[in-house]
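S.K.: Chain P is already provided as a structure; the job is to place chain A on it using the hints.
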Amino acid sequence: MITANDLTKRYPEGREALRQVSFEITAGEMVFLTGHSGAGKSTLFKLLAAIERPTSGSIVINGHNLAALGPTAIPYLRRKLGLIFQDRKLLFDRTVLDNVLLPLAIVGHPAKEAVKRAQAALAKVGLPNREKTYPIALSGGEQQRLAIARAVVNRPAVILADEPTANLDAHSAREILDIFRAFQQVGVTVLIATHDSLDFPDLRPRILQLERGQMSEPQQAGPIDGGVA
Amino acid sequence: MSTWLAQHLAALRDALRRLAAAPLNSLLSLLVIGVALTLPTAGWLAIDNLRHLTGDTPGVQQISIFLSLDAGKREVADIEARLKDARAGKWRYVPREEALKRLQSSEGMAEIIASLPRNPLPDAYVVTPSDAQPEALERLAKTFSSWPKVTHVQLDSAWVKRFDALLRLGRLVIILLAILFAGALVTITFNTIRLQILAQAAEIEVAKLIGATDTYIQRPLHYFGMLQGALGGLCAAILVGGGFYLLTPPVAELAQLYGTSFTLQGLSAVDITALTAIGGALGWLGAKISVLTHLRRFA
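Line by line, the protein sequences are chains P and A. Counting from 1, one number per residue, gives the positions in the first sequence under the working numbering. Counting from 1001, one number per residue, gives the positions in the second sequence under the working numbering.
Bound-form chain A, shown alone:
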């Protein structure tokens, strides 16, 4: 094992020892960092879930193409080919029989449908465009309208625009919140490291006098900040996970009442890793700034 690696491992051990030396203080710091990261993370997840929820709703980020009642298999295949050529995104063919069955399964509709002499519903395509920008959706809807045997194209462009603006506003608020809380995390770490330096002043002074480089002195403090931030990130993941665990059943129940199978999407493994990494990076930054500021007095 190289000296470099051994010194990094020693610094990591030292940082862990410092964290364990004051468990209550460490726990409180982790909780504060965790809460600071929880708010933007939860907001970001809420927006993501909102996007998923509306993504499944016709007319919001989907375009429905209704064919004329006399459209035959050839015309249906022609529309499919045109969709392929137009690279419209994903689409699903909904035959009129399937549409009728779905309508029948809706509460209170079975008797009405049964009283009809024939199936009044047309064949349809439900398109989920790859580009969900309002302008792109409108452009696509216009193109679809011009195709033969298409009688109606459903896109609530005003709602799409409103919803898109709402999402953008939400994202902006989350970004501002994230910047604010990232600043809080850096500040918390800055102060923790300042206290560490004050507590370890004698050791730092002696180490410098007997040949320790600045890197040697700074390394455990950097690790300390990084560990504290990363563990705070994990703490945030646990808090967010806990919140979603509690919210998932009532949200699913509510969605069922509205006739959808929507369930909340929690944090994935990648999200948790990213959250931990971001926490670690911000902790390292706070430690770096604190070390540069407070180690100056040790000549």
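Chain P extracted, bound-state conformation:
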């Protein structure tokens, strides 16, 4: 499903954010990408979402080699990914429903069907009856749910989430992770980048740990402790 080989990302000023990172995530897996701030999680997220290009190495998602994709093909790849950004990137001048409708409008869904799908996505993340509310009126946890609803409304095969539990209390963080777990249980591949110390042993995710831009042990299932609370 996701294969990264010898990924290196060096920024123009010379800073090396990732060095020869390789991993493989199979379809339907839930994987936590952990590491301290500055370990390279967000850089890896950007490479996987084709927001940035690797300096060397390759990424294959769903059979698409990202290095071979031209600029015009990238939007179509992103439509197949459910992207959740660290800062959520919600549109605060649009209602909750309009936020979720945006990805459907981009792919050209008929309006009536799009509204139904958006409502279903909102219900799935626990935000029913909040359609006409504006994001500013939602709590942090609810805003994160809204970001998830927007990411999953096009039924992606892969969800990439960058720090989805950042700034949330333990209860809200657990709720968000449960939503991801629910998607994983229906076959969606979920990759969550986090530096939070999350101790939910029952989730038993596979953990990929980054340290100063390099992959480090352990790569097995277990509680998450990135170190920064």
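These aren't lab readings, by the way, just hints derived from the structure by calculation. A portion of the hints provided could be inaccurate.
[To be verified] So, partial list: chain P residues that the calculated Cβ filter (under 8 Å) puts toward chain A:
hint : residue
1    : ILE51
2    : ARG78
3    : ARG79
4    : LEU83
5    : LYS89
6    : LEU97
7    : LEU102
8    : PRO103
9    : ALA105
10   : ILE106
11   : PRO110
[Stated by the list, open to error] Label-pair ranges, simulated between beta-carbon atoms:
hint : chain 1 : residue 1 : chain 2 : residue 2 : range
12   : A       : PRO1023   : P       : LYS80     : 36 to 42 Å
13   : A       : ALA1274   : P       : TYR76     : 36 to 42 Å
14   : A       : LEU1012   : P       : GLU113    : 17 to 23 Å
15   : P       : GLY28     : A       : LEU1027   : 53 to 59 Å
16   : P       : GLY140    : A       : LEU1027   : 39 to 45 Å
17   : A       : LEU1292   : P       : ASN62     : 29 to 35 Å
Just so you know, even glycine gets a beta-carbon here, dropped at the ideal spot from N, CA and C.
M.R.: What follows is chain A alone, placed relative to chain P:
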């Protein structure tokens, strides 16, 4: 309905929503564009009207052929046949009786005419040549002079040349003015779209991150520019129409005093459509340039 059409309709709705979202700003932009298009349009109409006005004046773009007083029906028919052969354009036969009646109806002429023992006026043809170039007119006048029973051919060639040069100069000034104001329209739209992009930066960034193509992002902005230009064109048509509505009665009155039935010709439906289309096309161009310039920063 295809996805393509649905997306275009959605973009059009979005553009209309953006126009309606800031009504005062939109109105001011439309007025500025309208005024920019009004000046060359009004100039072009003025020249067109001038051409029509002089087109009806003998000796300017018409040639009068006066036959000898003894010319009979056979000679008149012969001249008609020659005109047909020469493909001279349009012509009108003015019998001497009609010419006398017209002269009598002129102010102060009735008594003079009545005192004459007989009709001194000849039969005549008034020719409106299809080619109004001064050289062509002179050539035709020379040909007419050589025909039998033609005693006089009236063409003020010096005036024709002066008038033609004046019209060409006027047209050139209008073209330069049109280019200048077209540039202004493109610039206005360029800036409006720049402000739209700045205002919608967050939305554009998010849309790109979740899979929007450049075309999807650009389409509503193109529609916005096109709509703004087209509505500006309509605004110009209304302004020009209003001006002509106010000017028509005094111009008609003035023309009557000079003994002609000239009335101002305003914009036709085709002209209004063309003006709207030109406004729309220039608006689209301004939007296109602005989008290409300002959307680059969204990776």
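S.K.: Kindly indicate which numbered hints from before are broken by the structure, ordering the numbers from low to high.
M.R.: Violated: hint 6 alone.
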